[in-house]
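Chains A and B, in that order, give the protein sequences.
First residue of the first sequence? That's 1 in my numbering, and the numbers climb one at a time after it.
First residue of the second sequence? That's 1 in my numbering, and the numbers climb one at a time after it.
These are computed hints drawn from the structure, not numbers from a lab.
Check the hints yourself; a few may be wrong.
If chains are identical, the list can't say which one is meant, so a pair holds when it fits in one copy or spans any two.
Using 16 Å as the maximum straight-line C-alpha spacing, the simulated EDC-like pairs for lysine to aspartate or glutamate come out as follows [unchecked claim]:
1. K28 to D66
2. K198 to D176
3. K108 to D124
4. K28 to E40
There are 2 protein chains.
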Amino acid sequence: LNRIKASGLKLRFCTNETQATRENFVKKLQGLGFDISVDEVTAPAPAACRILKERGLRPHLLVHDDLVPEFAEIDKANPNCVVIGDAAENFTYANLNEAFRLLIGMEKPVLISLGRGRYYKETDGLKLDVGAYMKALEYACDVQAEVVGKPAKMFFESALAEMGVTPQEAIMIGDDIVNDVGGAQQCGMRAVQVRTGKFRSCDENHPYVKPDAYVNNLAEAVDIIFQQL
Amino acid sequence: LNRIKASGLKLRFCTNETQATRENFVKKLQGLGFDISVDEVTAPAPAACRILKERGLRPHLLVHDDLVPEFAEIDKANPNCVVIGDAAENFTYANLNEAFRLLIGMEKPVLISLGRGRYYKETDGLKLDVGAYMKALEYACDVQAEVVGKPAKMFFESALAEMGVTPQEAIMIGDDIVNDVGGAQQCGMRAVQVRTGKFRSCDENHPYVKPDAYVNNLAEAVDIIFQQL
Chain A
1 LNRIKASGLK
11 LRFCTNETQA
21 TRENFVKKLQ
31 GLGFDISVDE
41 VTAPAPAACR
51 ILKERGLRPH
61 LLVHDDLVPE
71 FAEIDKANPN
81 CVVIGDAAEN
91 FTYANLNEAF
101 RLLIGMEKPV
111 LISLGRGRYY
121 KETDGLKLDV
131 GAYMKALEYA
141 CDVQAEVVGK
151 PAKMFFESAL
161 AEMGVTPQEA
171 IMIGDDIVND
181 VGGAQQCGMR
191 AVQVRTGKFR
201 SCDENHPYVK
211 PDAYVNNLAE
221 AVDIIFQQL
Chain B
1 LNRIKASGLK
11 LRFCTNETQA
21 TRENFVKKLQ
31 GLGFDISVDE
41 VTAPAPAACR
51 ILKERGLRPH
61 LLVHDDLVPE
71 FAEIDKANPN
81 CVVIGDAAEN
91 FTYANLNEAF
101 RLLIGMEKPV
111 LISLGRGRYY
121 KETDGLKLDV
131 GAYMKALEYA
141 CDVQAEVVGK
151 PAKMFFESAL
161 AEMGVTPQEA
171 IMIGDDIVND
181 VGGAQQCGMR
191 AVQVRTGKFR
201 SCDENHPYVK
211 PDAYVNNLAE
221 AVDIIFQQL
């Protein structure tokens, strides 16, 4: 990371984190020793806020308590859309029914989902992710959610716009074959898969996503980028 | 109802009720003045029990507390499938994660759903029905649920078998264009839609279900049946 920053190359951190504000996400990474600041992060909630403002949408939020501050400047009175994130403990029967009633009561229901993840692992076991609850609301209301976050094309386009570069000038480095590599490639970027974190050996035979390169760690990815300059 | 019973015609009540045992369902209808007994009722939970026994399946139940007695005789130790019904208040974040973890941990996940309803109305407003939660688990585990209850073909076949008649000898009377009329017709039965209850005038232009007849009430349906004898 320090080598990239020293080189003057532009850099964005693209995360699907929706259980915390960017502030808290950045603090966590700083605590792990990373040189990172809030304005270098592209995350689903701010991307959703941009959409809400552009389209004059007032959201009902079904999100994690810790994410609510990201929507501080958004008008939420008399909602005309629902925004769903990984709400975790807030995914109660009552909250799901409330979000559903608001959606089904809209002339044209708008459901914005901060991701389409199926599940994730925590120390106390696997948990259903936002995608599962998104599917429940989609089915009940016969609507299609608009997904913000990786692998949505719009999400990568936001990151590129923030850096002021074209897809051809950018390279994505990530461990998730579909969300990181596939999403970036669909946007016209090149993408490298890192064999750490979420990487599984079966990813190398993925039916429809083929990374432009594999690396064993982030340092190797930086080597490749410098070789191409 | 009394005219049908007096005529000697065979009769079954087919319900998708999964918030109560057949005993309680029957008591409610008896209280409204209907001549009905438990052994005249075809309902999703007993149909599911038959499947569980036939296939040696031991269910983890995510159902309404009041439905649990229907599964009294089923072995539920060391579950190898999940049965989901309209669990209402039991659709908690913890219970959904538990059902999900069991399913995803199975070598071949089996999800049996006691219906595919999207939502229903109660005195305090609309509620998400079992179908929405079924979709959430289907998506998270990448499985397809086996649906017991109307409009599943198997459900109507059970009712016919219980009466000992062929589809051609039977007629379905119901107010739900897809679940009652469509389901029965797919099973080779004729079906009449009653213009009461769930009936909506737009049903008469349904894109793919066309009842064999319309009637304004149950008495008219009985008239038609007697005319055809």
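Hint-by-hint comparison with the structure:
1. K28 to D66: For K28 and D66, only the intra-copy Cα distance (14 Å) is at most 16 Å; the inter-copy one is 46 Å.
2. K198 to D176: within (6 Å within a copy, 46 Å between copies)
3. K108 to D124: neither (39 Å within a copy, 23 Å between copies)
4. K28 to E40: within (14 Å within a copy, 62 Å between copies)
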